[in-house]
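Undergrad: Each chain, letter by letter, is given below.
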Amino acid sequence: MRLIEKAGTWLDQRLKLGASIRETVEHPVPRETASWFYVFGSAALTVFALQLVTGILLALIYVPSAGEAWNSLQVLNHEIALGWFVRALHGWGSNFMLAIVLIHMVQVFLFGAYKFPRELTWILGVFLLLITLGMAFTGQVLRFDQDAYWGLGIGASISSRVPVVGPLIVKLLLGGPIIGGATLSRFFALHVFVVPGLLIAFVSLHLLLVLKLGINEWPMPGRIVRRATYLQEYHELTHKQGVPFVPYAVWKDVVFSGFILLSIAACAVHFGPFGPGGQPDPTIIQTAPRPDYFFLWLYALLSFLPPSAETPILLIVPAVAIVGLLALPFVAGEGEKHWTRRPVAVLAILLIAVSLGTLTNLGEHTPWSPVMDAWSSQPIPAEYLKGRTALERRGALVFQAKQCHNCHSLDGKGGKRGPALDRVAVRLTQDQLIRQVIQGGGNMPAYGKNLTPAETNALVAFLETLHPAGQIPAHDASRDVALGTAAEESFSSHR
Amino acid sequence: MASQNELVNIKSRAESTSQPTETGMSRRTMLFKLGLLFNGFAAAILGVPILRYLLSPAIREKKMGYDSWVSLGGLEKFPAGETRLATYRNPVVTPWDGQTADIACWVRNVDGQSFQIFAINCAHLGCPVRWFPKSGLFLCPCHGGAYYEDGSRASGPPERGLFQYSHKIQDGKLFIMTGEMPTPGSPNAANGTAGRPACA
Numbered sequence: 081m082r083l084i085e086k087a088g089t090w091l092d093q094r095l096k097l098g099a100s101i102r103e104t105v106e107h108p109v110p111r112e113t114a115s116w117f118y119v120f121g122s123a124a125l126t127v128f129a130l131q132l133v134t135g136i137l138l139a140l141i142y143v144p145s146a147g148e149a150w151n152s153l154q155v156l157n158h159e160i161a162l163g164w165f166v167r168a169l170h171g172w173g174s175n176f177m178l179a180i181v182l183i184h185m186v187q188v189f190l191f192g193a194y195k196f197p198r199e200l201t202w203i204l205g206v207f208l209l210l211i212t213l214g215m216a217f218t219g220q221v222l223r224f225d226q227d228a229y230w231g232l233g234i235g236a237s238i239s240s241r242v243p244v245v246g247p248l249i250v251k252l253l254l255g256g257p258i259i260g261g262a263t264l265s266r267f268f269a270l271h272v273f274v275v276p277g278l279l280i281a282f283v284s285l286h287l288l289l290v291l292k293l294g295i296n297e298w299p300m301p302g303r304i305v306r307r308a309t310y311l312q313e314y315h316e317l318t319h320k321q322g323v324p325f326v327p328y329a330v331w332k333d334v335v336f337s338g339f340i341l342l343s344i345a346a347c348a349v350h351f352g353p354f355g356p357g358g359q360p361d362p363t364i365i366q367t368a369p370r371p372d373y374f375f376l377w378l379y380a381l382l383s384f385l386p387p388s389a390e391t392p393i394l395l396i397v398p399a400v401a402i403v404g405l406l407a408l409p410f411v412a413g414e415g416e417k418h419w420t421r422r423p424v425a426v427l428a429i430l431l432i433a434v435s436l437g438t439l440t441n442l443g444e445h446t447p448w449s450p451v452m453d454a455w456s457s458q459p460i461p462a463e464y465l466k467g468r469t470a471l472e473r474r475g476a477l478v479f480q481a482k483q484c485h486n487c488h489s490l491d492g493k494g495g496k497r498g499p500a501l502d503r504v505a506v507r508l509t510q511d512q513l514i515r516q517v518i519q520g521g522g523n524m525p526a527y528g529k530n531l532t533p534a535e536t537n538a539l540v541a542f543l544e545t546l547h548p549a550g551q552i553p554a555h556d557a558s559r560d561v562a563l564g565t566a567a568e569e570s571f572s573s574h575r
Numbered sequence: 030m031a032s033q034n035e036l037v038n039i040k041s042r043a044e045s046t047s048q049p050t051e052t053g054m055s056r057r058t059m060l061f062k063l064g065l066l067f068n069g070f071a072a073a074i075l076g077v078p079i080l081r082y083l084l085s086p087a088i089r090e091k092k093m094g095y096d097s098w099v100s101l102g103g104l105e106k107f108p109a110g111e112t113r114l115a116t117y118r119n120p121v122v123t124p125w126d127g128q129t130a131d132i133a134c135w136v137r138n139v140d141g142q143s144f145q146i147f148a149i150n151c152a153h154l155g156c157p158v159r160w161f162p163k164s165g166l167f168l169c170p171c172h173g174g175a176y177y178e179d180g181s182r183a184s185g186p187p188e189r190g191l192f193q194y195s196h197k198i199q200d201g202k203l204f205i206m207t208g209e210m211p212t213p214g215s216p217n218a219a220n221g222t223a224g225r226p227a228c229a
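Which chain is which? The protein sequence lines are A and B, in order. Heads up, the first sequence stops at 575 in my numbering, and the numbers go up one at a time, no gaps. Heads up, the second sequence stops at 229 in my numbering, and the numbers go up one at a time, no gaps.
To be clear, the hints were calculated from the coordinates, so they are not data collected in a lab. Each residue gets a CB set at the ideal place from its N, CA and C atoms; glycine is no exception. Heads up, some of the hints might be wrong.
Said to hold, decoys possible - Result set (DSS-like, lysine-lysine): computed pairs, CA atoms no more than 25 angstroms apart in a straight line:
id, chain 1, residue 1, chain 2, residue 2
1, A, K332, A, K96
2, B, K106, B, K202
3, B, K197, B, K106
4, A, K493, B, K163
5, A, K496, A, K529
6, A, K86, A, K96
7, A, K529, B, K163
8, B, K106, B, K163
9, B, K163, A, K496
To be verified - For each label pair, taking beta carbons as the anchor points, the in silico distance ranges come out as:
id, chain 1, residue 1, chain 2, residue 2, range
10, B, A71, A, Q366, 52 to 60 angstroms
11, A, N151, B, L83, 24 to 32 angstroms
12, B, S195, A, L563, 51 to 59 angstroms
13, B, S143, A, G467, 43 to 51 angstroms
14, A, S558, B, G103, 56 to 64 angstroms
15, A, T469, B, Q128, 49 to 57 angstroms
16, A, S100, B, L83, 33 to 41 angstroms
17, B, P124, A, A481, 55 to 63 angstroms
To be verified - Derived coverage of chain A by chain B (criterion: at least 3 residues anywhere in the stretch with Cβ under 8 angstroms from a Cβ of chain B; other residues may be distant):
id, segment
18, 234-244
19, 454-467
Please take these sequences and the hints and turn them into a complete structure.
TA: Structure follows, in structure tokens:
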């Protein structure tokens, strides 16, 4: 014990850090901030440390070469003892880190912590969010599989739309004319050197500011932030009623960080590592590329933007969003901190959460994508064929053979790209059905060139049978007049 | 104790030498600023080649850029009236590109005389489109973009038709001009008339 003490004194005589460390750990914080709401920042830092360690461990084996990366991941998964576990820790650590950073940001926003004098802390935090997303995207590329390959294609396609310099950006992003060896090497450099370097620098400044400016006090309704008086008020809060950070507040940080580490380990053991998926061979086109979880919302959004507005929205909205986040502490740097007095802030969070949640959910189910094998794997339900005429059954055959099932569902099975057709006869008359099939319209391609008149005839006859029993199918009354038949007779011919 | 005295000495010496002159700038300060300027000059000298190195993927000395004629094989591989998948090795490769330099494209033999060669990349965001001969459509698995057999846009998010490579037939073989992945912003590598609506 005395030896340790002696060594400590020897070191401190030279480093002279003891006093400032003691000052840092014992600095007074407002009493109420020793709360479970204030643990997310430290948890994010802990997960980052885990990512650093597991990242270095992975780099011992991983080969950042387009020709070898996928194989080296297989070796990690299957041949190196517990290689799969380190990969799983790094993958799940990434998901946890993004989630915790987002929760931290929401908490800070709802508690008004970005207000005077902590504007710069918030701004650095916004950059840290972007850097963390950058780590997630570049990391996803290093898992060099089919999703990574086509994900790079999506990234290149988006970048290429920047006016004038788009093509230049694409070549710099890919390191050459195609996605290949140079692409993986530069994403490796980004993921392992550049972005983590930025992350360490920004985290250091972020933490320094937290220490210099003090932890945000617990917001109270009616306690207004004013530039003239805030510093004095905060000084009183910390020095009259405050408690030392260690150990009064820090024990919750430590416990939560440990809980998060164990949760990551549990996920890693239970769910295992992410991929890699199929080999990064672009000649294998039987693939449906999908990004990682935290980019699914963007993937979903890209299928809903109208083609004409897509490029401007893709290029302008992110810039506006980032500028908005950076400008927030200057626009709302004073005033109420408590969320019950800030309805716009609460509604904004709800709106963003519901939007991202909905888009992520859609991204998981991709209803806009045709089910590529529905035409051969999903038969038409038997009850849709019972008691039908030969022509109508022939139409059902056309429906399958022409791959209509890939986009249209029957009895809940098949594609969701187009509307379900179980009740289509109620919505569209015979003429409208013919027109829609031949000319297309809305999101439907025109099939006129690919169907003979006989096939169209049969297909429409089948579609006309698709209505609930006892419900009148749509029909054009003027045609009855033109053909000299009564509407009732026309209906009686339908089942 | 000796070391502390030394520290004090250094401090006092530093104070005595940084006395401002009448112009407000000591000789040492001016030398320091000149030194900074000198380092700025050195940084510029180093910076130019570094920038050139960084920009090397985008600046290509060859006049044609990355493109060159690549054979897709004999014409007998592409029967008249059909659309077939063809693959080729990209003309610009590094030894460690592995499978990524194997690129696929769709070859449509329109009538035994004329050909259309479509890029595999969807004109929306570059995902691989698949050909469905029965419905005569190219479908994209990512966001549901659809194209007719002649590559023109049918539906979905793409703004234009499929990218097309220019091609030629030589000694019974089909050649295409390629080398660069086509993207919506730079379709020059594989550009064609497919963007125009079919009915125009």
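Undergrad: Determine for every hint whether it applies to the structure shown.
TA: Status of each hint after checking the structure:
no.	hint	verdict
1	K332/A / K96/A	violated (29 angstroms)
2	K106/B / K202/B	holds (10 angstroms)
3	K197/B / K106/B	holds (15 angstroms)
4	K493/A / K163/B	holds (20 angstroms)
5	K496/A / K529/A	holds (24 angstroms)
6	K86/A / K96/A	holds (15 angstroms)
7	K529/A / K163/B	holds (11 angstroms)
8	K106/B / K163/B	holds (20 angstroms)
9	K163/B / K496/A	holds (19 angstroms)
10	A71/B / Q366/A: 52 to 60 angstroms	holds (55 angstroms)
11	N151/A / L83/B: 24 to 32 angstroms	holds (29 angstroms)
12	S195/B / L563/A: 51 to 59 angstroms	holds (54 angstroms)
13	S143/B / G467/A: 43 to 51 angstroms	holds (48 angstroms)
14	S558/A / G103/B: 56 to 64 angstroms	holds (58 angstroms)
15	T469/A / Q128/B: 49 to 57 angstroms	holds (52 angstroms)
16	S100/A / L83/B: 33 to 41 angstroms	holds (40 angstroms)
17	P124/B / A481/A: 55 to 63 angstroms	violated (46 angstroms)
18	234-244	holds (count 8)
19	454-467	violated (count 1)
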